[in-house]
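Participant: Each chain is listed here by its residues.
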Amino acid sequence: MTTMTIAKAINEGLRATLAANPKSLLMGEDIGPLGGVYRVTDGLIGEFGPDRVVDTPLAESGIIGTAIGLALRGYSPVCEIQFDGFVFPGFNQITTQLAKIHSRSNGNLSVPVVIRIPYGGGIGSIEHHSESPEALFAHTAGLRIISPSNPHDAYWMIQQAVECQDPVIVFEPKRRYWLKGDVDVENPGPSEDPFKAHVLREGTDATVVAYGPLVPVALAAANAAEEDGRSVEVIDLRSISPIDFDTVTASVQKTGRLIVAHEAPTFGGIGGEIAARISERAFHSLEAPVIRVGGFHMPYPVAKVEEDYLPDIDRILEALDRALSY
Amino acid sequence: MGTHLPSTEFDGTAVDDQREADAEAVMGEPAAQMVQLLGPDGKLGADPVFSDYADKLTPEHLRGLYADMAAIRRFDVEATALQRQGQLALWVPLTGQEAAQIGSGRASQPQDYIFPTYREHGVALTRNVDLAELLRQFRGVSNGGWNPRDTNFHLYTLVLAAQTLHAVGYAMGIQRDQKFAAAANGAGKQPDAAVIAYFGDGASSEGDVHESMVFASSYKAPVVFFCQNNHWAISVPTNVQTRVPLSNRAKGYGFPGIRVDGNDVIAVHAVTEWALEHARQGKGPVLIEAFTYRVGAHTTADDPTKYRQSAEEDAWRAKDPLARLEKYLRAEGLADDTFFAKVKADGDELAAYVRRTAHDIENPDIRQAFAKVYKEAHPLVAEELAWFEEYSAGFAGEEESAGHAAKAGH
Chain R
1 MTTMTIAKAI
11 NEGLRATLAA
21 NPKSLLMGED
31 IGPLGGVYRV
41 TDGLIGEFGP
51 DRVVDTPLAE
61 SGIIGTAIGL
71 ALRGYSPVCE
81 IQFDGFVFPG
91 FNQITTQLAK
101 IHSRSNGNLS
111 VPVVIRIPYG
121 GGIGSIEHHS
131 ESPEALFAHT
141 AGLRIISPSN
151 PHDAYWMIQQ
161 AVECQDPVIV
171 FEPKRRYWLK
181 GDVDVENPGP
191 SEDPFKAHVL
201 REGTDATVVA
211 YGPLVPVALA
221 AANAAEEDGR
231 SVEVIDLRSI
241 SPIDFDTVTA
251 SVQKTGRLIV
261 AHEAPTFGGI
271 GGEIAARISE
281 RAFHSLEAPV
291 IRVGGFHMPY
301 PVAKVEEDYL
311 PDIDRILEAL
321 DRALSY
Chain P
1 MGTHLPSTEF
11 DGTAVDDQRE
21 ADAEAVMGEP
31 AAQMVQLLGP
41 DGKLGADPVF
51 SDYADKLTPE
61 HLRGLYADMA
71 AIRRFDVEAT
81 ALQRQGQLAL
91 WVPLTGQEAA
101 QIGSGRASQP
111 QDYIFPTYRE
121 HGVALTRNVD
131 LAELLRQFRG
141 VSNGGWNPRD
151 TNFHLYTLVL
161 AAQTLHAVGY
171 AMGIQRDQKF
181 AAAANGAGKQ
191 PDAAVIAYFG
201 DGASSEGDVH
211 ESMVFASSYK
221 APVVFFCQNN
231 HWAISVPTNV
241 QTRVPLSNRA
251 KGYGFPGIRV
261 DGNDVIAVHA
271 VTEWALEHAR
281 QGKGPVLIEA
291 FTYRVGAHTT
301 ADDPTKYRQS
311 AEEDAWRAKD
321 PLARLEKYLR
331 AEGLADDTFF
341 AKVKADGDEL
351 AAYVRRTAHD
361 IENPDIRQAF
371 AKVYKEAHPL
381 VAEELAWFEE
391 YSAGFAGEEE
401 SAGHAAKAGH
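Line order of the protein sequences matches chains R and P. End of the first sequence = 326 in the UniProt record's numbering, gap-free, step of one. End of the second sequence = 410 in the UniProt record's numbering, gap-free, step of one.
In short, the hints are calculated from the structure, not lab data. Every value quoted in this text rests on a predicted model; they were computed, and no experiment measured them. Even glycine gets a Cβ: it sits at the ideal position worked out from N, Cα and C. Hints may be right or wrong, so weigh each one.
[Stated by the list, open to error] Computed spacing ranges between beta-carbons, pair by pair:
| # | chain 1 | residue 1 | chain 2 | residue 2 | range |
| --- | --- | --- | --- | --- | --- |
| 1 | P | Tyr391 | R | Ala16 | 43 to 49 Å |
| 2 | R | Pro22 | P | Lys43 | 41 to 47 Å |
| 3 | R | Phe296 | P | Ala184 | 53 to 59 Å |
| 4 | R | Asn223 | P | Glu376 | 33 to 39 Å |
| 5 | P | Lys342 | R | Ala20 | 37 to 43 Å |
| 6 | P | Lys56 | R | Asn21 | 41 to 47 Å |
| 7 | P | Gly64 | R | His139 | 57 to 63 Å |
| 8 | P | Ala184 | R | Arg15 | 31 to 37 Å |
| 9 | R | Arg15 | P | Gly140 | 37 to 43 Å |
| 10 | P | Ala352 | R | His128 | 39 to 45 Å |
| 11 | R | Leu324 | P | Glu362 | 56 to 62 Å |
| 12 | R | Asn21 | P | Gly397 | 48 to 54 Å |
[What the hints assert, rightly or not] With a straight-line Cα cutoff of 27 Å, these simulated DSS-like cross-link-like pairs (lysine-lysine) come out:
| # | chain 1 | residue 1 | chain 2 | residue 2 |
| --- | --- | --- | --- | --- |
| 13 | P | Lys251 | P | Lys189 |
| 14 | P | Lys179 | R | Lys23 |
| 15 | P | Lys327 | R | Lys100 |
| 16 | P | Lys375 | P | Lys56 |
| 17 | P | Lys56 | P | Lys179 |
| 18 | P | Lys283 | R | Lys23 |
| 19 | P | Lys283 | R | Lys196 |
| 20 | P | Lys372 | P | Lys342 |
[Stated by the list, open to error] These stretches of chain R come out as covered by chain P in the derived footprint (C-beta under 8 Å, 3 or more residues):
| # | segment |
| --- | --- |
| 21 | 34-45 |
| 22 | 63-70 |
| 23 | 115-121 |
| 24 | 126-140 |
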């Protein structure tokens, strides 16, 4: 067991992947000598050279498009998109090409490309640096989307993403890059399946589902609620596509109440999808409507007001109050 | 028609041929020097670089190029007819572009990998794709129909220019394979390979073409960009896409750009062979602009009378790629009536095969679509398939109803 940050855990996961799989390579802007703007690839170019850690031209469609070509030739590219808000020049390649090649080739081709995207707000940054676009990708069949919330998961999930034969987008919670935690580099333990949700905290009165950067917030809210005598179960979704509905359903059948929290706007978001599916799967267990806690229907606001935009402990507790009032 | 050594110094804007200038004036474009070996009059000219490549073509090769062009033109007629008969949802004709496609495709080696757009039926022929299988996409029973692993001929890409980046990435993979082989003292070494990325004058405006050329140049990737300038992007003429010859754009990226007469199969073959060698030898990418013309409609849903004059089409028909090679073959005594009769009979046989096969294509089952969304098991797809099976089973007793039977997968 080693203690490290999420950023270091991804770095170590990538190092393990590059060492174990000679056909794997990293591509992105400034990922070479600089080690990426968040230093996630720090030191890797020195160990594996510029053919395996590739500083690319500044062009996101080019990064994804050439990664597809490398995958068609038998390589396993891991692309870094510098910030969430800059993935959109590559959106066409991701949704019309990467997601569909296996299907449109009748299964003859597969393109196991991994795309790493630091995402989310709370870092006081300028526009386009704090967004949560995961629902835009989750709507596209053919992609898998995961988001680690702690260093152990980060270490294993990046490696599992590369091993997966389908395209995987890894949304990395950038404001948690410096969150420290224990990592077992020998054994993934319960993190063996990256597409399975984890129950982080058991409870009986309500369930809070979160992923990525809001997992620590959900846990803190559950702790606060406990002081008021409320027993809250917290689920770390881990995988945004597919969603492990079995784990969420089982929890709701026990607690009868569900709150879904994410930074992305609630309208058309993952929370809505979970609410709809759970209303079908566990209608008779629900004591209250599923309540979503998320961003507002506005472009991500300027940094000086982002605290009013981002779901926090109080927003989750307010939702809990509403759920328990039914 | 003299040409310059293709190099990054190649300017390409000089007008050195009044005939070509006149032809281009119709299109409102500045003229560029153009590699041409076999003119519309059927006379073979000389070129300081490319004649050496043309000289390698034996009479048998030349007859083969003619036969290929005739076959794909006959196929094009048949596919258009099948669309008119309701057997295909849509067809994308290539007539007029046979030399550009057959010449470039025949210049490729088996180890090369080809990324087409959606009109490269002639290149498909040169890569031994079953042409009847190629119709599956246009009949609506598949999005591909052939396995690219068998032919190194990728699926058609309909989102314009997206494939140009795939081509560059694939070429970057070839570079890495070569390094693996070198590190293993040549063990597992394959013949040097290159990639061809096809696109058109319309797609040349897409940002992915720019990015692909930037990446290819940066990494010196073994890729040949083959732009068929057929002068019309559906209804929009080339001068809306570019004010300079497209081949000139290569200069901005730092690699050679060559305009070739796209209706001259000998020149197209020579230029493409040169470019592929250049790429395979590790000298980096090349842009070829094949100056040609889409004689027919963009697709069977298009109506060219709305946007261009028939006189323009007639002017290009006078430069027909088949007619000029036939003149040459006859004048040189390389082919006679018997040969041309055989080519025609072969074409009719191909058409009959395609017609027969197209009629016999069975509709797929949506379960096949469920099965290929992901390579690994996926719970949502499994759940939706299970629902669909249960739903379909509810119609089991109602086979008489055509609509329900279709839903049940019968």
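Participant: For this structure, which hints from the list above don't hold up?
Facilitator: Numbers 2, 5, 7, 8, 9, 10, 13, 15, 16, 17, 19, 20, 21, 23, 24, in rising order.
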